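Residue numbers (my numbering), protein chains in the order written: chain E, 1 to 207; chain Y, 1 to 492.
If you're looking for bench data, these hints aren't it; they were derived computationally from the structure.
Accuracy of the hints is not assured; some may be wrong.
[Stated by the list, open to error] To be clear about the criterion: a stretch of chain E counts as covered by chain Y if any three or more of its residues have a C-beta under 8 Å from a C-beta of chain Y, and this derived list gives those stretches: (1) 65-72; (2) 76-89; (3) 95-104; (4) 109-119; (5) 154-166; (6) 180-193.
These numbers come from a predicted model, not from an experiment.
Note that the Cβ used here is the ideal one computed from N, Cα and C, for glycine as well.
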Amino acid sequence: MNSLRSYQGPVLFGARTSRYILPMLNAEVPFFPPATSRTHEVCGAGAYVFAFALAARLGSNTMWVRENWDNTQINPTGFADFLEPAALTVCNTGNQSETLAVAEEALRSGAISLVVMQLNKPIGLTEGRRLQLAARDGQSTGLAIIPEGMGSNAAETRWRCTPMFDPKDSTLQKWDLIKNKSGTLGVWHVRWDTASRRIIMVPPARE
Amino acid sequence: MFDGIQRRVVSLWFPRLASDRVLRQHPIEGPFVLTLKQRNANRIYCLNAAATQHGLHQGMPYADARAFCPHLQSWVAQPEQDQRFLHTLRRWATRYCPWVGLEGKNGLVMDITGSAHLFGGEAAMLTDMRLRLMRAGISTQIGLADTRGAAWALAHYGEGVAPSGEALATLAALPVAALRIEDSISIALQRLGLRSIGDLARAARAPLTRRFGPGLLLRLDQALGARPEEISPYADPPHYAVRMTLPEPIGLLSDVMAGAERLLVQLCAKLKAQEMGARNLCMSLRRVDQGQQQVELRLARPLRDPQRILPLFERGLGEVDAGFGIDQLRLEATQVEALPVQQISHVSAGEQGKLEDLISRLGTRIGLENIQRFLPADSHIPERSFIIAPAAYSDPAGGWVSTHSRPITLFPPEPIAATGARPPRRFRWRRMSLTTGRTTGPERIAPEWWLQDDNWRSGLRDYWRVETREGRRLWLFYTPQNPGWFVQGEFA
Chain E
1 MNSLRSYQGP
11 VLFGARTSRY
21 ILPMLNAEVP
31 FFPPATSRTH
41 EVCGAGAYVF
51 AFALAARLGS
61 NTMWVRENWD
71 NTQINPTGFA
81 DFLEPAALTV
91 CNTGNQSETL
101 AVAEEALRSG
111 AISLVVMQLN
121 KPIGLTEGRR
131 LQLAARDGQS
141 TGLAIIPEGM
151 GSNAAETRWR
161 CTPMFDPKDS
171 TLQKWDLIKN
181 KSGTLGVWHV
191 RWDTASRRII
201 MVPPARE
Chain Y
1 MFDGIQRRVV
11 SLWFPRLASD
21 RVLRQHPIEG
31 PFVLTLKQRN
41 ANRIYCLNAA
51 ATQHGLHQGM
61 PYADARAFCP
71 HLQSWVAQPE
81 QDQRFLHTLR
91 RWATRYCPWV
101 GLEGKNGLVM
111 DITGSAHLFG
121 GEAAMLTDMR
131 LRLMRAGIST
141 QIGLADTRGA
151 AWALAHYGEG
161 VAPSGEALAT
171 LAALPVAALR
181 IEDSISIALQ
191 RLGLRSIGDL
201 ARAARAPLTR
211 RFGPGLLLRL
221 DQALGARPEE
231 ISPYADPPHY
241 AVRMTLPEPI
251 GLLSDVMAGA
261 ERLLVQLCAK
271 LKAQEMGARN
281 LCMSLRRVDQ
291 GQQQVELRLA
301 RPLRDPQRIL
311 PLFERGLGEV
321 DAGFGIDQLR
331 LEATQVEALP
341 VQQISHVSAG
351 EQGKLEDLIS
361 RLGTRIGLEN
371 IQRFLPADSH
381 IPERSFIIAP
391 AAYSDPAGGW
401 VSTHSRPITL
411 FPPEPIAATG
421 ARPPRRFRWR
431 RMSLTTGRTT
441 GPERIAPEWW
451 LQDDNWRSGL
461 RDYWRVETRE
471 GRRLWLFYTP
481 QNPGWFVQGE
491 FA
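Isolated chain Y, as found in the complex:
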């Protein structure tokens, strides 16, 4: 595609990335290490230059390191934080070129083809990079070459620049390990007397392939440019946050709402471009005295319609104390869900939208999980024949099948005094004397042995529908394995 344009690749290696990250936040004099539990021992994960001078090295047990260097200071390593830091550096590196990918756990690779002249040439660009990283306190080794492999070799072994088209000449003196090969292959090559890349390039290819497989020569060809190697630029994940800074502080609810509307329109445009809908929104309001207040909004359905979301914010924003005024608004969709575009039809319910808005609005008052709906469940146990699910996170479902009539209310079983397997003629329940008029039953329900349920410890239940002469129609059960009578519900 770019005929005649020579590709140029920069490889950045941060040999002390983890410790540099910690030392940036908490500067410490003298030897310093980060430790991590690896292979059943607390070992050194990363160390600073002073610690290296004391003879410590990576992978060394921490106890030995303490013996070597009694005044050693240490910290627990957090590899996922390091990874996040590397992503931050990747974003920073896009200031030099748009094509930046990650190289392992502590490196970056950049395709600077056609962008070096913007910084006054390659040398000036590298100097700029080195200066900025040094000022940030991050130790770096930089390699620049025609290929990714060659740039990596230069960054890790001897830092330098390979002039265009002279990769082999520059790499010839470097050890074979600079080809990104396994340690075992590198040792075997050294035993054969092939110590440098120059030796390897001069050797006959067929015996090497037969002995080490195609991987070795693939790496060599990649480094020398005979075979291509891609650089995958890392796309920024979409960022669903917008903010607005105001020249003069505001304090009226109507002003804040107007600001919120402008932000919502921007945010919803972003969401629409990605076919996403916001589930949780967070509005941060910064006051002139640097106080920060947050208003959270949880929605019953993913939404991206500013006109529907805005009224839901009203209640939360009304509770904000503006103090001497608010001068910055920030709106972030903290949780988003896929919301594909849908065909509008005559059955698409405006009613349903109104109900969802109502649920969101009530959710800000009593909590979204307190608004529930019933879903059918496959069980004969009365308490488990339905599921109570939060209405915001479930869809209504039909298919209610009942083979026997069931009471309209259920309560925890209430014992009554009675004996025998037949329903009692008279009994007292909730301080009422009741006389049995008509009984229907028994309906035997066995406990589900595959589930632990303390309420069903008493074993089988024989359910009776008992219509009393006083009018109440009760659902009684008798437990034959553990004799006793209970009332559990009331019929219509």
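Next up, chain E with everything else stripped away, as it sits in the complex:
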């Protein structure tokens, strides 16, 4: 873990591509999985994939906290490629404050390795800090799926995940690390490898 966090990587500052870390084929994505005992944020259309990939990477039990009005349902037959649906527990809450309360309790318990919470309103510094403290106490990872541009300053890292079109590959994504409290930022093109059940880095698709 420490070696990953301290890994700075050779950074290429070009004229057109401002902050690309040179990709190595089939290598691990730097900063992934993000630091445990912290809470992170992810936004963008590929946020669910990020959450499932992280759950697959961390293993053990995952808790998914969502609000009950939301009619977008995660589909176990679809995410079974990422993690065993039996390891996932879903909590339906009435509103965002309940979501935060449930997430805090689950993070602190230590029985869960990853708590995914779906947020739709920006959270304050107090709430963000409380989630960080809870994650530290329970030594578990928190991940908030947030709408674009509604991040909290207390988050350890923030990722923007967007699916990319590729004529040959059908799980290509662009992961954009847009906030990192303890390291550099970066952009990586990644793909989910079903056989080895992990995220691997690929060179960016040509325009």
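Given the coordinates of chain E, assemble chain Y onto it according to the supplied hints.
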């Protein structure tokens, strides 16, 4: 086993049990009946002594009874409440002897062998019983004899005591109906001239058996003690409640928690003795001003470990308003489930226990049914290929098989503007202009005709996986029987 000890049996008959029960709670002067709908008419189920004096009887249609007695007061009968009351009386009767069973719907039978002397003899005991029941407002007829049959006969026909060993002499004058036989047999016996038990006992046995079957003489022998008859004492169901009354009221959360811990230890010992686990617990706190507050706890798994249950109570007890103080705590396991002892092994997961405790704790906040897990289901219909079950009442199950790739999110179908059986080149979805880059399909899914599902009224669906040049990978379907295009999910 008890050679030389003569068995003595008391039979208690409560002829007006149902009406006595109601009149105890709501005293009413004058004729009173309980009615019940039987054989397609509202009939008298039970009546008090005043109503009997007015010429009413059991089984009489209620309309006729009203005509006989215009100022009749009535109530609807509740047989299951009566049964509960009879069980209460059975518990009360164990003060006389430990061996008490039920006799029909309105009677008790007690084996008082060896316990009569504790009350100063049989006569004193019967007087005590009669007095207490009279004070409680329950009319009673008591019979005491060597056998259950004889005691029953005495209780129902002529109330009395048969001295030890003289059953036949006492019963001889009673009618044959006192032998617990069917009405048809009793009438047939009377036609033969065998009106009393004495007549029957003197008659030749073989012709009686040939004519009426073995049942009649079995009853006679049971009454006279020639054949044994058991009395089944009714075991008290285990009672999972404990309480604690305090000499001084308490108000601090730590004090209440300490009290709760003591109660939990007692309750869990009871549960352990029965190999049961509590599923729902209810803690009642009585305040000095007689106010009562309840804290409910629903557990994700049956448990009987005080150390695990106690922290789960903390949240509920924290919300209690102690007022001027709490002076009684009562803890009841309102729902219990079998929890057999299990072999502890290296694979028994402490992790799982922690997760279950977390689910219980979250359940007190958002409700246990809101914490769910996915279970596989046998269906090709995407929405029904999994079941969402409450995590507290289901076990995780594996066996997820998918022959085709499936989207990771599903939502209710959202229509898009397109025509034709092939996916559109361009379309708008959620205010985004999308261009089709690559398509995979179609995969045809037919509705399950054996289930009613309004969402599948539009018939067959041809599912396509459409990868757009903008990046989104969508799950579209086309309904050929009712042309239209919809988006239903999104792939990884």
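Do the hints match the structure? See the list:
Chain Y is given as covering the stretch 65-72 of chain E, and this holds because 3 residues of the stretch bring a CB closer than 8 Å to a CB of that chain, at least three being needed. Using a Cβ-Cβ cut-off of 8 Å, 13 residues of the stretch 76-89 of chain E lie near chain Y, which meets the minimum of three, so the contact claim holds. Judged by the Cβ-Cβ criterion of 8 Å, the stretch 95-104 of chain E is covered by chain Y as claimed, because 3 of its residues qualify and three suffice. Residues of the stretch 109-119 of chain E lying with their CB closer than 8 Å to a CB of chain Y number 4, which satisfies the three-residue condition for coverage.
Only residues whose beta carbon comes within less than 8 Å of a beta carbon in chain Y count, and the stretch 154-166 of chain E has 4; three or more means the coverage holds. Given a C-beta distance limit of less than 8 Å, the hint that chain Y covers the stretch 180-193 of chain E is violated, as 1 residues qualify and 3 are needed.
Hint check: a violation occurs at hint 6 only; the rest are consistent with the structure.
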